[in-house]
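*Asks:* For reference, the chains in residue letters:
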Amino acid sequence: MTNQQEHLETLQEIRSLMERSSRFLSLSGLSGVFAGIFALAGAVAAYLYFDISITGNYLLYSVRSDGRINMDFYTFFFADAGSVLVLSLIFSFVFSFRKAKREGLKIWDKTAKRLAVNLFLPLIAGGFFCLVMLYHGYIGLVAPATLLFYGLALLNASKYTFNDLRFLGLSQIALGLISALFIGYGLLFWALGFGVLHIIYGTAMYFKYEK
Amino acid sequence: MKDLITNINKAFESRIRLGIMSVLMVNDTVDFITLKEMLKVTDGNLASHIGALEKNEFLEVYKQFIGKKPQTTYAATKKGKRAFNDHLDALEKLIKKTN
Numbered sequence: 008m009t010n011q012q013e014h015l016e017t018l019q020e021i022r023s024l025m026e027r028s029s030r031f032l033s034l035s036g037l038s039g040v041f042a043g044i045f046a047l048a049g050a051v052a053a054y055l056y057f058d059i060s061i062t063g064n065y066l067l068y069s070v071r072s073d074g075r076i077n078m079d080f081y082t083f084f085f086a087d088a089g090s091v092l093v094l095s096l097i098f099s100f101v102f103s104f105r106k107a108k109r110e111g112l113k114i115w116d117k118t119a120k121r122l123a124v125n126l127f128l129p130l131i132a133g134g135f136f137c138l139v140m141l142y143h144g145y146i147g148l149v150a151p152a153t154l155l156f157y158g159l160a161l162l163n164a165s166k167y168t169f170n171d172l173r174f175l176g177l178s179q180i181a182l183g184l185i186s187a188l189f190i191g192y193g194l195l196f197w198a199l200g201f202g203v204l205h206i207i208y209g210t211a212m213y214f215k216y217e218k
Numbered sequence: 619m620k621d622l623i624t625n626i627n628k629a630f631e632s633r634i635r636l637g638i639m640s641v642l643m644v645n646d647t648v649d650f651i652t653l654k655e656m657l658k659v660t661d662g663n664l665a666s667h668i669g670a671l672e673k674n675e676f677l678e679v680y681k682q683f684i685g686k687k688p689q690t691t692y693a694a695t696k697k698g699k700r701a702f703n704d705h706l707d708a709l710e711k712l713i714k715k716t717n
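Protein chains in written order, with this note's numbering: chain A, 8 to 218; chain B, 619 to 717.
Next up, chain B with everything else stripped away, as it sits in the complex:
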């Protein structure tokens, strides 16, 4: 039997990372400010969690200019979406098991 814990992804240990991925699951692209307001975190905190997810190749970063303003947007990768779904499934199983 497969261990229930194996799918609990280390990259998602933080609630903020889970939050970032949740928003990216239902939106094609999201910009930094929207993410910040949604999750109610500081710039530095959000940036470091985004960096960690990017290193795992769970999200992609796009930089573009809107007029003269730089805007950074993020999108979940296929790998990121799969990892997120597996993580949710694992959480669900854990809850069902302890019930």
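With the rest of the complex left out, here is chain A:
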């Protein structure tokens, strides 16, 4: 009986060691929640700035009434999306750093590097692809493509951190594909994907692992 208990403990220890040494476990659910809040705020800012209704086609504002490209539209979106991205990254670092410290783990170890490489490689490729699409004028497909590439990046990264990220990735991919069918409503899908999904998954992960 005690022998069996010992064997069980050994197996559990092995399992925990394998997980701790290969996965980045300091990622905090709060990072997701805050990224979601920033994304929603960014979407609201865009709706207010262009004075569009929730179901309105935001792409109408990419061209001026005289048929020329509305540079203001592009500048605003780069600034808006850029601030959301930077704020989300800063906050996810802060929360992950806090979690690592609380659990006595190193923040920048091999698992963190592996996660970063596997998350950012597909993401950077996607970013360049979106810039190329903008260059060629396929502006309506940019929002679906960002969701798709982000979903693929999460799917790839999920092998190096909590497995739950896989489902967030799959949800973003599905949302990206759906939004590709409804061109002109990218802002709404962005708010759903980067905002609502992040908040839902972040909250779920926070209560699952940190409470």
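Watch out, some of these pointers could steer you wrong.
In the EDC-like style, the derived pairs of lysine to aspartate or glutamate whose C-alpha atoms are separated by at most 20 angstroms in a straight line are [as the list claims (entries may be wrong)]:
| hint | chain 1 | residue 1 | chain 2 | residue 2 |
| --- | --- | --- | --- | --- |
| 1 | B | Lys687 | B | Asp649 |
| 2 | B | Lys699 | B | Asp649 |
| 3 | A | Lys120 | B | Asp646 |
| 4 | B | Lys697 | B | Asp646 |
| 5 | B | Lys714 | A | Glu16 |
| 6 | B | Lys658 | A | Asp116 |
| 7 | B | Lys658 | A | Glu26 |
| 8 | A | Lys106 | B | Glu655 |
| 9 | B | Lys628 | B | Asp707 |
| 10 | B | Lys658 | A | Glu110 |
| 11 | B | Lys715 | B | Asp704 |
| 12 | B | Lys681 | B | Asp646 |
| 13 | A | Lys215 | A | Glu110 |
| 14 | A | Lys117 | B | Asp646 |
| 15 | B | Lys673 | B | Asp661 |
| 16 | B | Lys681 | B | Asp649 |
| 17 | B | Lys654 | A | Glu20 |
| 18 | B | Lys628 | A | Glu13 |
| 19 | A | Lys117 | B | Asp649 |
| 20 | B | Lys687 | A | Asp116 |
| 21 | A | Lys120 | B | Asp649 |
| 22 | B | Lys628 | B | Glu710 |
| 23 | A | Lys106 | A | Asp116 |
| 24 | B | Lys699 | B | Asp646 |
| 25 | B | Lys715 | A | Glu13 |
| 26 | A | Lys113 | B | Glu655 |
| 27 | A | Lys117 | B | Glu655 |
| 28 | B | Lys711 | A | Glu20 |
Simulated from the structure, these hints should not be mistaken for lab results.
Model the placement of chain B on the given structure of chain A, informed by the hints.
*Replies:* Only chain B this time, still in chain A's reference frame:
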């Protein structure tokens, strides 16, 4: 019938050795300091267990220089991975049998 005990490997009797192999199963290479922090053991203790595993040809040692600093990394051999898996299977059977 094969005796359940035959696959319980003597080389894995120590928890630290099992721990070292667990980490090496999921990482291509691991350096000494990371292993030390993972397993929370002293230098001497870890070195002697690594030596024992190396003698069994369960792991390989690589020494290299990163700038001017020497770094030693370890990787599990095929033989080591097989032995580790057999050992786990045997442990599992033991638990199931006593259940």
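*Asks:* Are A:Lys117 and B:Asp649 close enough, with their CA atoms no more than 20 angstroms apart?
*Replies:* holds, 10 angstroms
*Asks:* Please work out if B:Lys715 and A:Glu13 have their alpha carbons no farther apart than 20 angstroms.
*Replies:* Given that 20 angstroms is the threshold and the Cα spacing comes to 14 angstroms, the pair holds.
*Asks:* Between B:Lys658 and A:Glu26, does the CA-CA distance stay at or below 20 angstroms?
*Replies:* Measuring from Cα to Cα gives roughly 16 angstroms; hence the hint holds.
*Asks:* Check whether the Cα positions of B:Lys699 and B:Asp646 lie no farther apart than 20 angstroms.
*Replies:* Since the Cα atoms of B:Lys699 and B:Asp646 sit roughly 12 angstroms apart, the hinted pair holds (cutoff 20 angstroms).
*Asks:* Taken at face value, is the distance from the CA of B:Asp646 to the CA of B:Lys681 at most 20 angstroms?
*Replies:* At roughly 15 angstroms apart (the allowed maximum being 20 angstroms), B:Asp646 and B:Lys681 satisfy the hint.
*Asks:* A:Lys120 and B:Asp649: Cα distance at most 20 angstroms?
*Replies:* holds, 15 angstroms
*Asks:* Quickly compare the C-alpha distance for B:Lys714 and A:Glu16 to 20 angstroms and report which way the hint goes.
*Replies:* Between B:Lys714 and A:Glu16 the Cα gap is close to 14 angstroms, so the pair holds against 20 angstroms.
*Asks:* A:Lys117 and B:Glu655 were given as a pair; does the straight-line alpha-carbon distance stay at or below 20 angstroms?
*Replies:* Roughly 13 angstroms separates the two Cα atoms, so the pair holds.
*Asks:* Holds or violated: B:Lys658 with A:Asp116, Cα cutoff 20 angstroms?
*Replies:* With Cα atoms ~16 angstroms apart, B:Lys658 and A:Asp116 stay inside 20 angstroms; holds.
*Asks:* Could you grab the alpha-carbon distance between B:Lys673 and B:Asp661 and see if it respects the 20 angstroms cut-off?
*Replies:* Since the Cα atoms of B:Lys673 and B:Asp661 sit roughly 18 angstroms apart, the hinted pair holds (cutoff 20 angstroms).
*Asks:* Quick one, are A:Lys113 and B:Glu655 close enough, alpha carbons at most 20 angstroms?
*Replies:* holds, 10 angstroms
*Asks:* Within a Cα-Cα threshold of 20 angstroms, do A:Lys215 and A:Glu110 meet the stated pairing?
*Replies:* Holds - the C-alpha atoms of A:Glu110 and A:Lys215 are around 16 angstroms apart, at most 20 angstroms.
Hint check: no violations occur; every hint is consistent with the structure.
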